[in-house]
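Colleague: Each chain, letter by letter, is given below.
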Amino acid sequence: MKRKVLLTLITSILLACNFLFPAKGTATPEAMNPRPTEKSSSGDSSSDIALIGFTSIRLHPGDGDLQIMLAKEAQKATALSQLPVVEFDATWCPPCRAIDEAFDAKNELILKAYDGIYIIKLDVDEWEWNDGRVQNFAFDGIPVYFKLDAEGKQTGKVIDGGAWKEDIPANIAPVMDKFFHGD
Amino acid sequence: MKAMILMKRIILPGLSIALLIASCMRPSRAADGTSISLASFTENDVAVTIQLDHDRQEGSFLSATFTPPEGYHLYSKDIPINGLNGLGRPTRLELLSESHIRVVGELTESAKAGVPDFEPKELLVYPAGAVTLSLKIDLPPGRDWFNDAVSVTYMACSDVLCFPPVEGKVVPIRVPGADVLDDQ
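As you go down the protein sequences, you meet chains A and B in turn.
The opening residue of the first sequence carries number 1 in the working numbering; numbering runs sequentially from there.
The opening residue of the second sequence carries number 184 in the working numbering; numbering runs sequentially from there.
Check the hints yourself; a few may be wrong.
[To be verified] List of simulated lysine to aspartate or glutamate pairs, EDC-like, C-alpha gap at most 16 Å:
| no. | chain 1 | residue 1 | chain 2 | residue 2 |
| --- | --- | --- | --- | --- |
| 1 | A | K165 | B | E253 |
| 2 | B | K304 | A | E101 |
| 3 | A | K147 | A | D177 |
| 4 | A | K147 | A | E128 |
| 5 | B | K260 | B | E277 |
| 6 | B | K295 | B | E305 |
| 7 | B | K304 | B | D261 |
| 8 | B | K319 | B | E241 |
| 9 | A | K165 | B | D300 |
Everything labelled a hint here was simulated from the structure, so no lab data went into it.
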């Protein structure tokens, strides 16, 4: 009888400890969703996607010099423990729209792939895509993604829509997940 | 053995008849008349050639052939000029308002545009590969050549990647008077 009481007591203490002092890294809803999102400074809220777990902003040429803005955004990303990535898109680009729609639909695969990412969107029409370049970014097609370092400079890691064969979340998400979270 | 008989009696004669009918229905303008290459360029990964075809029976046709990279498609000539809700751009061949050439027919296409694999389904696309658009035209009379220009619009995408659109690009051409072609 005493053993039974003792066992019940120990179990209760263990459960109480676990509840009061959760182990570090436990995926509580709060721990999974700690990162704030941010809007474009020029107020183009319709083009921004505000989702938990990553940040998405859009920069416009009228906001200032691109390199300076990228450096600032990379600092913000680092402060949020997020990885800064530049995405080039356009309003006329169906594959770009398909990715945005996956976000709008809150597709779980896509949200998971983008977790911890700070997306800096640049519209190629606004930023004048000429001869395959937007300033020091060189690319042939969109959508395209460039990883940045903490200073907002290109790391040399680039991926475009050609990396997945069909514009469906099941194809896009694993490729982007690997690109964002791989080496 | 049965397969051989089937081949000899049905498939081969059938194929021959089909080929015969096809060759009667679509006579090659180039084979019977004159073809003149007017301009060619490559922009945003699409090769474009502008050509004038003429024969005495059918008249003159101004054509533009748009050749995107392998696996890429162009959009239907019939989608809005600014795309469907902004998406895509039509493939177009147009004469400028000040042109000496007169359009006497509708813009025709070498391939039928179809429903895409992706959304929105109303954004009609041509099958991946080259597309030729043709305009039946009347050339001004005379034996002189004259300077003119056409305007082309297009945009190439694969299912996952797009090149930027080319919109209303003016392409200078030098065109013969109608009598030059009739003399040939």
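Colleague: If a hint holds in the structure, say so; if it does not, say that too.
Modeller: Hint check results:
1. Taking the CA atoms of A:K165 and B:E253, the gap is about 14 Å. The hint holds against a cut of 16 Å.
2. Between B:K304 and A:E101, the direct Cα distance comes to roughly 15 Å. Compliance with the 16 Å bound is thereby established for this hinted pair.
3. Distance hint between A:K147 and A:D177 is fulfilled; the C-alpha atoms sit about 13 Å from each other, no more than 16 Å.
4. For the given pair, A:K147 sits about 20 Å from A:E128 by alpha-carbon distance, which is inconsistent with the 16 Å threshold.
5. For a cut-off of 16 Å, the pair hint linking B:K260 to B:E277 stands: about 11 Å separates their Cα positions.
6. With a CA separation close to 14 Å, the supplied pair B:K295 and B:E305 stays within the 16 Å bound.
7. Only pairs whose Cα atoms come within 16 Å are accepted, and B:K304 paired with B:D261 is accepted, the gap being roughly 14 Å.
8. Taking the CA atoms of B:K319 and B:E241, the gap is about 9 Å. The hint holds against a cut of 16 Å.
9. For the given pair, A:K165 sits about 12 Å from B:D300 by alpha-carbon distance, which is consistent with the 16 Å threshold.
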